[in-house]
Structure formats: structure tokens, C-alpha cells
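Enquirer: Since the structure of chain A is already known, use the hints to place chain B on it.
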Amino acid sequence: MSFEAVNIILVEDDDGHATLIERNLRRAALTNNFLRLKDGQEALDYFSKPDPCGKSELTPGCLVLLDIKMPRVDGVEVLRRMKANPKTATIPVIMLTTTDDPREIERCYQLGCNVYVTKPVEYEAFLEAVKRLGLFLQVVKLPVTGTAGTS
Amino acid sequence: MPAIHLTIFRKGLLLVGLPMLIQLAFLIFLFHVQNETRNAEQWAIHTRDVMEQTRVIYRRAIDTMARTQGALINGDVKFGSHIPSVRQQVDQDVDQLVSMVSDNEQVERARKLGANADALLNWCISQSKLLESGQSRTLASAESRRGGEEMIATLGAQLDNMLADEERLDRERLARVTLLGKLAYEFLIGAAVGSVVVAGAALWLFSSSIAGRLNVLAGNANRLADRRTLAPPVGGHDEISTVDQAFHAAASRLTDADVVERNYRQQLEQRSTALAELNTGLTRVNEELRFKTQENETFVYSVSHDLRSPLVNLQGFSKELARSCEDLRTATLNPSVPPAQQKQLVELVDGEIMESIRFIQTAVSRSSNIIDSLLRLSRAGRVEYKRQRTELRPILERIVGSLQSSLRERGAQITLASELPDVDAEPSALEQIFGNLLTNAVNYLSPDRPGRIEAGATSSDDPNSVRYFVRDNGLGIPTAYLPKLFVAFQRLHGQVAPGEGIGLALVRRVVERLGGNVSVESTEGMGSTFYVTLPKPIESAGASASPVAAESV
Numbered sequence: 001m002s003f004e005a006v007n008i009i010l011v012e013d014d015d016g017h018a019t020l021i022e023r024n025l026r027r028a029a030l031t032n033n034f035l036r037l038k039d040g041q042e043a044l045d046y047f048s049k050p051d052p053c054g055k056s057e058l059t060p061g062c063l064v065l066l067d068i069k070m071p072r073v074d075g076v077e078v079l080r081r082m083k084a085n086p087k088t089a090t091i092p093v094i095m096l097t098t099t100d101d102p103r104e105i106e107r108c109y110q111l112g113c114n115v116y117v118t119k120p121v122e123y124e125a126f127l128e129a130v131k132r133l134g135l136f137l138q139v140v141k142l143p144v145t146g147t148a149g150t151s
Numbered sequence: 001m002p003a004i005h006l007t008i009f010r011k012g013l014l015l016v017g018l019p020m021l022i023q024l025a026f027l028i029f030l031f032h033v034q035n036e037t038r039n040a041e042q043w044a045i046h047t048r049d050v051m052e053q054t055r056v057i058y059r060r061a062i063d064t065m066a067r068t069q070g071a072l073i074n075g076d077v078k079f080g081s082h083i084p085s086v087r088q089q090v091d092q093d094v095d096q097l098v099s100m101v102s103d104n105e106q107v108e109r110a111r112k113l114g115a116n117a118d119a120l121l122n123w124c125i126s127q128s129k130l131l132e133s134g135q136s137r138t139l140a141s142a143e144s145r146r147g148g149e150e151m152i153a154t155l156g157a158q159l160d161n162m163l164a165d166e167e168r169l170d171r172e173r174l175a176r177v178t179l180l181g182k183l184a185y186e187f188l189i190g191a192a193v194g195s196v197v198v199a200g201a202a203l204w205l206f207s208s209s210i211a212g213r214l215n216v217l218a219g220n221a222n223r224l225a226d227r228r229t230l231a232p233p234v235g236g237h238d239e240i241s242t243v244d245q246a247f248h249a250a251a252s253r254l255t256d257a258d259v260v261e262r263n264y265r266q267q268l269e270q271r272s273t274a275l276a277e278l279n280t281g282l283t284r285v286n287e288e289l290r291f292k293t294q295e296n297e298t299f300v301y302s303v304s305h306d307l308r309s310p311l312v313n314l315q316g317f318s319k320e321l322a323r324s325c326e327d328l329r330t331a332t333l334n335p336s337v338p339p340a341q342q343k344q345l346v347e348l349v350d351g352e353i354m355e356s357i358r359f360i361q362t363a364v365s366r367s368s369n370i371i372d373s374l375l376r377l378s379r380a381g382r383v384e385y386k387r388q389r390t391e392l393r394p395i396l397e398r399i400v401g402s403l404q405s406s407l408r409e410r411g412a413q414i415t416l417a418s419e420l421p422d423v424d425a426e427p428s429a430l431e432q433i434f435g436n437l438l439t440n441a442v443n444y445l446s447p448d449r450p451g452r453i454e455a456g457a458t459s460s461d462d463p464n465s466v467r468y469f470v471r472d473n474g475l476g477i478p479t480a481y482l483p484k485l486f487v488a489f490q491r492l493h494g495q496v497a498p499g500e501g502i503g504l505a506l507v508r509r510v511v512e513r514l515g516g517n518v519s520v521e522s523t524e525g526m527g528s529t530f531y532v533t534l535p536k537p538i539e540s541a542g543a544s545a546s547p548v549a550a551e552s553v
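Each protein sequence line maps, in turn, to chains A and B. Counting from 1, one number per residue, gives the positions in the first sequence under our numbering. Counting from 1, one number per residue, gives the positions in the second sequence under our numbering.
Just to be clear, a hint being listed does not mean it is correct.
[Stated by the list, open to error] Which residues of chain B face chain A? A partial, calculated answer using Cβ under 8 Å:
| no. | residue |
| --- | --- |
| 1 | Arg308 |
| 2 | Ser309 |
| 3 | Ser373 |
[What the hints assert, rightly or not] Straight-line distance between alpha carbons at most 25 Å, and here's what the computed DMTMM-like set of lysine to aspartate or glutamate pairs gives:
| no. | chain 1 | residue 1 | chain 2 | residue 2 |
| --- | --- | --- | --- | --- |
| 4 | A | Lys69 | B | Asp306 |
| 5 | A | Lys69 | B | Glu431 |
| 6 | B | Lys319 | A | Asp14 |
| 7 | B | Lys386 | B | Glu426 |
| 8 | A | Lys69 | B | Glu297 |
| 9 | B | Lys484 | B | Glu500 |
| 10 | B | Lys319 | A | Glu128 |
| 11 | A | Lys38 | A | Asp100 |
| 12 | B | Lys484 | B | Glu297 |
| 13 | B | Lys386 | A | Asp100 |
| 14 | B | Lys319 | A | Asp15 |
| 15 | B | Lys292 | A | Glu104 |
| 16 | B | Lys319 | A | Glu122 |
| 17 | B | Lys112 | B | Asp165 |
| 18 | A | Lys83 | A | Asp100 |
| 19 | A | Lys38 | B | Glu320 |
| 20 | B | Lys386 | A | Glu106 |
| 21 | B | Lys319 | A | Glu22 |
| 22 | B | Lys129 | B | Glu150 |
| 23 | A | Lys87 | A | Asp100 |
| 24 | B | Lys319 | A | Asp13 |
| 25 | B | Lys319 | A | Glu124 |
| 26 | B | Lys319 | B | Asp372 |
| 27 | B | Lys292 | A | Asp101 |
| 28 | B | Lys319 | A | Asp100 |
| 29 | A | Lys69 | A | Glu42 |
| 30 | A | Lys69 | B | Asp462 |
| 31 | B | Lys386 | A | Asp101 |
| 32 | B | Lys292 | A | Asp14 |
| 33 | A | Lys38 | B | Asp306 |
| 34 | B | Lys386 | A | Glu104 |
| 35 | A | Lys69 | B | Glu320 |
If you're looking for bench data, these hints aren't it; they were derived computationally from the structure. Remember, predicted model here, so these are calculated numbers, not experimental data. Think of the CB as a built atom: it goes at the ideal place given N, C-alpha and C, for glycine as much as any other residue.
For reference, chain A alone in the conformation it holds in the complex (with noise of 0.2 Å):
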């Protein structure tokens, strides 16, 4: 499996923060195609359509982003029917969120994220967490070559 071949969706009602996260991990190169759906409501929408990583043997999957304050659908919602449904509870989900509290995280855990990112206000500190997701699931092909990401 190849981490190229993996779409990244991104759930993330904030424009900046999107525009940041995919600017970033483009720079650490990854290559993978992005997607970028603004609300809960639009993941679910998505998730609701028949394939829709379009897994197969040229596609492994996609991999999701998830933020969790958002409006009409939150995250811990879009995690619940993600994992509640056979045809989605497979997929990686990678909470991504501004909040910190100890109960919020145990929820997402309890829910079956199988990453908690705390969106740190450090930009260092976040493009760091974002690379730290990426080597965690081993999928992140880091660049071998290349300025960007780090300081």
C-alpha cells in the first residue's frame, strides 16, 4: 500500500485552517490527492455515496482529517455515523480539533478515532503534529530531500 494512492479528506469548516493544512503537507510533498469538504454535513453527504474512497487495487482508501467544532454537523457526530456504518468504520479518522479537554478526547477514543491532534496555535507545533500523525500510521512518505516543514 501506498500512501499516494491514499485521499486525504479533509473535514474543516474553517477556510484558514484548511488552506494551511493541505499548504503544509504539500510542502512536507506529499503527493496524495486532497479533498476538501466543509461541514459535517457535506462529509456525511459524502460518506453516504456508494464507494466513496474508491477503494480498489490502484486506490487502497482515503484517510480523513476531522475537525470537530462545526456547524449543523459536528465532528464527534460525522465519527459516530462513520463508524457506525460496516462500509465506512474501516476508514482511518484523524480528529483534528482546537479543543484540548480530557473528556472531548475520550470521547472521540471511545467513538474510534484512532488519532486525537490537538490544532496547537504554534504553527511549529502544529505542522509537527500533523508529520507526527503521518508516521504514526506509516503511511507518510517524508520527503528525502526538501526545505520545507521545518525550520
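Expert: Same frame as chain A, but now just chain B:
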């Protein structure tokens, strides 16, 4: 009853006396009738005696007359000698008769009778004298005889009159006795009836005036004993009504006392109800306050997180800008760009643009720190502590260890007391409390003298608490500032050390959540001592320490 006021004694006297009086009157009357009857009988005998006496006189006169005539006829001369003795006897008889009828009109008649009898006897004497003198022819003359017979006739008539009158008198007396007997009979019946009536009246009077009222009185006595309502007052003006009035007065006083007692009880109930309401109100207010506090903390928490989101953008894009500036700088250094322009652009990028970016980043960092502090503070109010017996020394030693570089830098030292009692608290909470206090002590040391910081325990007023202190010889706190010391975001020595002014507010909140309190004594320019009072572990306290309320948000 009429308006005659009689006591029971008088009533009783009346009840007994009245029939007695009536009976006495009856007896007197009866006695009188009997007397009269006896009198009448005597009178009847008297009448018969009178009549007999009259007849005796008459017979004597007639007898003497007859004997005289016989003597005249026989010429018995000696006859005349015993006439005076007869005459004497007749006189006596007449006197007796007169005395017998001296009470009525017969006296005159008796005297006349006597006189006539006397005359007759005188005639007899004269005849006998004539006889003695031998004139017997004269005596035998018709004239002479006629004189004697006339006198006899007169005497007979008088006798008849006398007897008739006596009989009339006798009849009258008899009628009177009969009448009296009849009266006595009627009076007897009347007395019998009257007795029954009087007895009945007395009975009625007794039952209505005394027995009935006595019953009411007895009932009232029982009612009074049972605290029931009394019957209406029994009227009258005797001992019964007096006792009844006393009962009513007592009942009324009892009722008054009852009313007073009921009033007191009502007041008591009202007060206790009011108290209970107040208590309920207070509990509700307390509950509301707790709810409000929780709500506030939840609000602070949620707002802080919402504020973080734009900060991520600000910080992120300022970094992006910095990166772009770097790219621009690199591009500017391209040889194709004229050196003058190169210099101008590089100056612009390195100077004003980068300065602006740095200001933005500093501001963002500061905002982020404030938000983090807020989050810490709100979490201290929401987190649930697991209290347990905790040894303070390892915690303090760990804190001192982490402060070593600062201590070295300032040439200061921290001394821990040899005796540190255990406490009922969660270790992480103790770390927050003493971490903040010791860090503050180090941060606000006076540059004028070597820093000396002590931590230990003092005696507590409350046997269920332990009291720790952290003492420094640092800058100290002005008295005016002391009230604001434990309020969030209040900083006194803003320029001395970095911080958001959250430390002491956090300490107070955590200590209070553990069921303790924190206080400070300070002299500006001399140093400060912070006191932390916390519950003793339950085993050693010997009494149950109040557990921290388990709160969930």
C-alpha cells in the same frame, strides 16, 4: 323564677315549710271544729237540763196546786204547813234556772216563770190560811178555783213558751254543729287535694329550679374537665348559678389560654415554615449559583476554544507571510534585479514587513497564553479531584527540582521543613498549588538580597485541617493590593516576570475545590507568607472530613 333572689337553703326551707304551714292551719281548723262540736253537745245537754229544770218547777207548782186543792177538798188543815218549804225549793229551782239561762233571752222568761210559780204558791198559802181560819166555803167557791186555774194556765203557757224557745235554741245549735261538721269534711278533702298540689308544686319547683340546674352543673363540670364547650348558663341567683358562673369563668379563661397557646403554636409554625422556606430559598440560590458558576466556566471554556481557532489562522498565516517574505527576498537577490532596487526591497522585507509580522506573532502568542490560562482556570473549576491521603514532601521536592535553574540564576534557595504532615488531597492538585506558590516566590524575589524561601506546616485552629505555609523574603505585596491578590488577571509586578496573572487565582480555586482555603500575610519590601489550609486525612483526623462535591460538566 320571679325576681326574688332565694338561696338553695331558703328554697329548701320554703319547700319543707310551706306544706307544714298548710298542715298546721288545717290542724288548727280541725281542732276548732272539734271544739265547736263538743260545745254544741254541751249546749244540747244544757238545753235538756234547762228544759228539765223548767219542767221540775212546773211540776212542783202543779203538784202543790193539786195538793192544795185536795187539802181544800178534804179540809186538811195541816196541809198548809209544808208549803213554805216547797216555795223555798221552787225559789232555789228558779234561781238555778235563771243562772242556767243567764246567757240568753230566756232569763226574763225564767224570772216570769219563777214569779208566776211564786204567785201560785202564794195563792196556795193563802188558800191554806183560809182553810186554817175555817172559811172553807169561800175556798170552794168557783171564783177561788178559777183564780188558781188561771194561774196554772199562765204557768203552763209560760212553760210551753220557754220550752219552745229552748228547743229553737237547741235546733240552732245543732244546725251550727252540723254545718261545722260539713265544713270540716270539705276542708279535709280540700286539705288532701291541697297537700297533693303543694307536694307536686314543690316537686316541680325542685326539679325545675334545682335538680335540672344541678344536672346542667354536673354536666358542665365534666365538660370543663374534658375541655368541651359548656352548656348555656343555668339562670337564677343561688349557689348553683354562682358555681355555674365560676365554671363559665374558668372555661372562658381556659379558652383564652387555649387561644393564646394556639396563637403561639401558629406563630411557631409560621416561623418554622418561614425558616424552611428561607432554607429552601437559600438552597435554591446556592444551587443556582453553582449552576451559574458551572455555566460560566463552561462558557469560558467554550469561548476560549472558539478564540483559539482564529488565532491558529493568525499565527499560521503570519508564518506563511514570513515564508513568502523569505521567498521574495530570495527572488530579489536574483542578479537580474538592479542592485538599487535589490537593496530597497531587502530593506523593506527585513525591516518593516518582518517587524509587523513579529508584532502580530507576539500578540498572537500573548492571546494564546491568556486563553490557555483561562482554560486552565476553568478546568480547575470543573475537574473532579480524587482525594486521598497524600505525602507532600515528594511533591515539593519535585517542584524544587524543576526550579533549580532559576534558583541558581538568582542565587536563591528553598528550605523544606523536616516535619510535613500528610494531607487529604489529589497529588496533581497539590502540585498545581505549591508549584504556583513556589514559582511565584522565586519570580518575585527582591534583587537587593539573597532569596530565602521556606515551606512548612504550622498549627491549625481546626483539628480537622492541616496548615502549610510558603514564606519568602521577596518584594512583598502592598496592603492596598492584597484584596485583589487572588483575582484572575490581576498582576502587580507585571514587568518582573512573565505571566497572565492567573497563578494565584488558580491556587485559590484548586484549594477551595479541595475544601480548604488560602490566605496571605505580607509586608511590602520584606516578603510574603502564603498559608494553605487543607483537610486532614480522614484516618488521622478522627472525624469525617467533608468530601469534595463531585461535579460533572
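Enquirer: Hints broken by the structure, by number, lowest first?
Expert: When the structure is compared with the hints, numbers 3, 5, 23, 30 and 32 turn out to be violated.
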